[in-house]
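Participant: As a plain string of letters, each chain reads:
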Amino acid sequence: MVAVVPTSGVSGAPAPVAQRSSRTGYLLLFPGIAWLAVFFAIPFVTLFLTSLQQPVPGKSGRYMFGLQFSNYSDALAEYWPLFLRSFLYAGIATLLALAIAYPLAYFIAFRAGRWRSLMLVLVIAPSFASFLLRTYAWKTILSDEGFITSTLNALHLLPEGRILNTGIAVVAGLTYNFLPFMILPLYAALEKIDPRLIEAAGDLYASPITAFRKVTWPLSLPGVVAGTLLTFIPAMGDYINAALLGSTGNRMIGNAIQINFIQFRDYPTASALSFVLMAGILVLVFTYIRRAGTEDLV
Amino acid sequence: MTMQRPEMIAALAGTMRSSVSRRRLLQVAGIGSAAMVAAACGAGGDSGTAGEAASAEDLSDTDKTLNWSNWPLYIDIDDATGSRPSLEAFQEQAGIAVTYTEDVNDNNEFFAKVRTQLEQGQDIGRDIVVLTDWMAALWIENGYAQKLNLELIPNSANLLPAWQGVSFDPNREYTLPWQSGFGAFGWNKSALQSAIGSETLSSLDQLFDPALKGRITVLSEMRDTMGILMAYQGADPTNFTDDDFSKAIELLTQQVDSGQIRQVTGNDYIAALETGDVIAVIGWSGDMIQLGEDFGVALPETGGTLWTDNMLVPALAQHKKNGELAMNYYYDPVVAATVAAYVQYITPVKGAKEAMAEIDPALVENQWIFPSDETLSNAYVFMTLTPEQNEKYEREFQSAIGN
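Here the protein sequences line up with chains A and B, keeping their order. Here the numbering used here = 1-based position in the first sequence + 4. Here the numbering used here = 1-based position in the second sequence + 8.
Simulated from the structure, these hints should not be mistaken for laboratory data. Heads up, none of these hints are tricks.
Listed next, the in silico SDA-like pairs over lysine to any residue satisfying Cα-Cα at most 20 Å (straight line):
#, chain 1, residue 1, chain 2, residue 2
1, B, Lys155, B, Pro178
2, B, Lys400, A, Ser74
3, B, Lys197, B, Gly222
4, A, Lys143, A, Leu162
5, A, Lys143, A, Thr153
6, B, Lys400, A, Ala81
7, A, Lys196, A, Leu108
8, A, Lys143, B, Glu282
9, B, Lys400, A, Arg66
10, A, Lys63, B, Phe176
11, B, Lys221, A, His160
12, B, Lys329, B, Glu65
13, A, Lys63, B, Gln397
14, A, Lys63, B, Arg403
15, B, Lys72, B, Glu100
16, B, Lys329, B, Ala105
17, A, Lys63, B, Trp142
Keep in mind that this is a model prediction, so the values were computed, not measured.
With the hints as constraints, model all of the structure from the sequences given.
Facilitator: Structure representation (structure tokens):
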């Protein structure tokens, strides 16, 4: 979230001025904090309370205040395979997106020259169309009678004989839909790299591969971390791709949450699932950032 | 974190149009209408009491307006101007300004949107809503629907016998049917011919033919899919037991696990039929008729399902009388025929068939608008479920088709 750090305690400044500026700082923080409180903190608490509600005896579909922690264990017991599948799909999609985005971002940052702005616009342009429409478009692209599927089928590369309504289609959709969130941070990180460092590596007899490994890649790590997070987190909670491009066996945890909210009207279970998902993502993200050792990089 | 972006929330309408859907253009119509599902994520209160619905002071006589929520493309539309002729005529005749909103895309989703207000005893700002049988039943049971003043609706006498005396509203005091339709088979004629050597589809045995593996879909509306499966197994969908339901779930699970059933969808199956990804489906009659001559529609020989969407007045509606006047107007046979000619669903109004002779003689013998008794006898109205049964069956159904 946005963290505006008040620039208080500027050394050497007279005390009263510093105090006033710090108060101004807090004042400037107010809209952000109010926003967070109204649109994050309060819903967050409500969601948590909902996740602990218990059914009203004798009234199906009604829930009241309670401390029913078993909502969590029940939800996990029933839906753990979907958590695993979401993790798997989102993980693969993130890796694929990284593999696709890195060369592209590299090219835009170092080689695109005067086409750079245009290429960046092209990366963002698909986002002007609705997320949903773009996903629908993939149904056409991957259609059984379409070019891609028939070509791959002619080569006998598809075990199920189709792409649409399989896990492959879901991962492809996730990769595509979140790709810009990978490209942009990567580009931002790569673009900041001073090309003279790479030249210097060459001058010191580093092969291009070594130069990339020792100079470019480490310096682009903040972009890699940001990009993978921005791709993985929304992909993990996504349900549109699974609903439109998947089949019966490809549901993700987002689909379970949605079905519980809308179809079963089982708000406690849906809330519990949302919380487990949030907690899971938080743990994953912290572990990841720790391991990547990038706290000082970012 | 599960709903990151407005589009995703909006997409709910697109993906979860599991219930009775109207025509394929909805796919687009749905996109805009659903940001509201966010409302569904609010906390569910518990203050509603079953029984009689609260009524508000009726402002109808002073405030000549009417707020009507209906399904998209479910009323006659003048394609040239985009206006709704029958509705315009009503406004002129009654002097009532109607705000007609096409914001019911899915029973569950619509209910999720207004549920909190209903439970807390607030006006939902609508004077007529149109809901499918089982959802209408839920509203009546929870006291969210007001008793109609039938004196203001003399035309309600035009309700055809087949629609009278439903279990959730035995005397039709709360609801009046708007349109009905069938859960039925639909298929691509030439593709079916080359796959199983038949141009027509009449039984589930054909649908579950291994030659169609991965090329069929069934509806995500539990009542339509399970009704057809149970009828096929010899059970009576209008009155079945837990065992009957379990047996049908077994069959469904088997077909899902074997990969025979490609997807379980709302009206996404229309697009899939068109692109050729899917050859045959269990779908909704009106939608499939729209596809044209290359596609066939038929009730399964063991029986299809019949559902009805009903008009009702929500609790605390402020223009109840105006709503009742509109209902009366739409129960005029000529008006009913006008609507049916456009939407191609079954009209429940007596005399509409005769009136249709004037409007579009070609449609008079159309079994999908004016089904004969024989056709109707081959379509089941799904048993009315208690909320407990509903939850149990929905869960069994969902776990059979997903996870």
